[in-house]
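Chemist: Going line by line, the protein sequences match chains A and B.
Residue 1 is where the first sequence starts when you use this note's numbering, and the numbers rise one by one after that.
Residue 1 is where the second sequence starts when you use this note's numbering, and the numbers rise one by one after that.
Honestly, the hints are just simulated from the structure, not real lab data.
Treat the hints with care, as some may be off.
Any copy will do: because identical chains look the same in the list, a pair fits if it lies in one copy or spans two.
Calculated cross-link-like contacts (lysine-lysine; reagent style DSBU-like; alpha-carbon spacing at most 35 Å) [what the hints assert, rightly or not]:
hint : residue 1 : residue 2
1    : K227      : K47
2    : K3        : K199
3    : K95       : K250
4    : K264      : K281
5    : K227      : K3
6    : K232      : K3
7    : K199      : K47
8    : K3        : K250
9    : K47       : K262
10   : K199      : K250
11   : K47       : K264
12   : K281      : K47
13   : K70       : K281
14   : K60       : K3
15   : K47       : K250
16   : K47       : K232
17   : K262      : K250
18   : K262      : K227
19   : K70       : K227
20   : K227      : K165
21   : K227      : K250
Chain by chain, the residues:
Number of protein chains: 2
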Amino acid sequence: MAKLTVSETAAYLRQRDCFAIVTHRRPDGDTLGCAAVLCRGLRQLGKTAHVLENPEITQKYAHLLEGLTKTSVQEGDTVVCVDVAADTMLPECFKGLSFGLRIDHHRGDRSFSEHELVIPTAAACGQIVYDVLTQMGVSLDVPMANALYTAISTDTGCFRYPNTKADTFRVAAACAEVSQDLAMLNQVLFETNSLARLKMQGWMVENARFLCDGQICICPIPLEIEKEIGVKEDDMENISGFPRSIEGVKIAATLRQEGSGKVKLSVRCLPEYDASAICQKFGGGGHRGAAGASMMLPMEEAVEAVIAAMPQL
Amino acid sequence: MAKLTVSETAAYLRQRDCFAIVTHRRPDGDTLGCAAVLCRGLRQLGKTAHVLENPEITQKYAHLLEGLTKTSVQEGDTVVCVDVAADTMLPECFKGLSFGLRIDHHRGDRSFSEHELVIPTAAACGQIVYDVLTQMGVSLDVPMANALYTAISTDTGCFRYPNTKADTFRVAAACAEVSQDLAMLNQVLFETNSLARLKMQGWMVENARFLCDGQICICPIPLEIEKEIGVKEDDMENISGFPRSIEGVKIAATLRQEGSGKVKLSVRCLPEYDASAICQKFGGGGHRGAAGASMMLPMEEAVEAVIAAMPQL
């Protein structure tokens, strides 16, 4: 495996004519945005380029790849993957492929591509793709700016996460120079919640238990409440982050019942506390800021156990 | 009144030595961030500068002005107001003052200052203050970068609103070059909600009226509900953006009762609709995406009038 710089990557792409671009499993805004902008950039230079159809693409992102996809690699294609940290991150249908180039901001454990451009300090893979295309003399058009913006905004929580750097804002500025659509993209990507999700949040606020002057929030969600409100799994994505966002809350524990009688615990906390230490007491784990565990207890007993496992604040 | 350019404003400030800086009523991140960064910038150049204590400042922003305030104007002070669109926007205690300079991004109906630098295309007043200070050779330090970031991020909904421009991102990049605190600021400014705010949102979700298959959301908030939940004005900041964030909602109208019997209407909508056209029917105005009006009607009649003013979707 050969490690390339940005300009070596530009040279590598210049020397080839046909490309098949590959995205990762459960494709997000970064991998799909990168694929779209790279594909369009290569086409702008007169190359033949396609993104391979990812069977797991969701509706929210489907517009990015309109007119850019094909179903399989053809003779003579150089296969390039974007934002794919490991071959285990590939959808099944791409696993046998022979990769010419990997562009990524994840370091990755073991290489699965002949060449690699990896810049772990980049907030999003989109920033790296943008640098490569700029080096090649590509100029952004509106669909490219929208795709690039999708890549960098989704991987930085719309510029809120600590990975956001001055360079991230510079790439965003380049997108804003070209496209008038960014506010509309933001609405779709970041400012829309389902009614069921919002009803669930309303229920949680009314039914949460606050301890230690509101510094700890325990939020048990009975299964019948989920059914009554009508939330689907999609509506519950990262729901455990919600009680942590209540002013004054430093540690939040959300408990959800599963049909099997299990209770799923999720803990979120501010940087000075350790969510994984709490979850380890129940055989679970995770990171300092976010961790989880499964508990084989009735809900009320699980709540008492979690309260007992909390640090003294 | 004399209109100044950025470089004329820089010259105006250079020629003077003592400054009292004034912020607007219900001070937000832009007016306070501008005041802090302008005050620190002028001090960096060896000037004497203070921000006049605004009695309405809230806890969230109090840190911005630490060590920068004084209570009243002194002999020889040039009074500069930032982000103050009209003298009616001044807190009572600043109303008699004689203003030397107004820096703003709101056009304003009638002038109340001897000199003005007004750039209506700027997303935040912070961008204009940054341009003036840059012109004067000031360089950002960490507290200035944090104050400037507060100004531009709050006025653009953390870069989500349509007023966000390439220049906004460029100023954000300048802040990110200097400060490591931006992600922490984001948590405080955008990812923390008071319990009262969240209870209000929960109430709104349960009590909103949906029309046209959920594309229009009308949300009347009776004064007694605000009292019962215990929201303060701070908790209600940009509350009218909330119903617009419900999936499928294209136009949202929020109506709040004021003690005087008035109803305050705020309309938010997707780019393809025009909030200001709706509010103009009630003598109000604003932008396409966000507009408002005051209505002298009982709540139920106001709601019916607003429903009648909605476009057919």
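Chemist: Next, verify each hint and record whether it holds.
Modeler: Against the structure, the hints come out as follows:
1. K227 - K47: neither (46 Å within a copy, 64 Å between copies)
2. K3 - K199: Close neither inside one copy (46 Å) nor across copies (50 Å); limit 35 Å.
3. K95 - K250: neither (40 Å within a copy, 41 Å between copies)
4. K264 - K281: Within one copy, since 14 Å is at most 35 Å while 52 Å is not.
5. K227 - K3: Neither way: K227 and K3 sit 44 Å apart in one copy and 62 Å across, limit 35 Å.
6. K232 - K3: neither (38 Å within a copy, 57 Å between copies)
7. K199 - K47: Classified as neither: same-chain Cα gap 46 Å, cross-chain 53 Å, threshold 35 Å.
8. K3 - K250: neither (39 Å within a copy, 48 Å between copies)
9. K47 - K262: neither (45 Å within a copy, 63 Å between copies)
10. K199 - K250: Result: close both inside a copy and across copies, 23 Å intra and 19 Å inter.
11. K47 - K264: Answer is neither: 42 Å inside a copy and 57 Å across each miss the 35 Å cutoff.
12. K281 - K47: neither (48 Å within a copy, 54 Å between copies)
13. K70 - K281: neither (43 Å within a copy, 51 Å between copies)
14. K60 - K3: within (34 Å within a copy, 47 Å between copies)
15. K47 - K250: neither (49 Å within a copy, 40 Å between copies)
16. K47 - K232: Neither, since 38 Å and 59 Å both go past 35 Å.
17. K262 - K250: within (26 Å within a copy, 39 Å between copies)
18. K262 - K227: Intra 16 Å, inter 40 Å, cutoff 35 Å: intra-copy only.
19. K70 - K227: Classified as within: same-chain Cα gap 34 Å, cross-chain 57 Å, threshold 35 Å.
20. K227 - K165: neither (38 Å within a copy, 42 Å between copies)
21. K227 - K250: both (29 Å within a copy, 27 Å between copies)
The structure does not agree with the numbered hints 1, 2, 3, 5, 6, 7, 8, 9, 11, 12, 13, 15, 16 and 20 stated previously, though it agrees with the rest.
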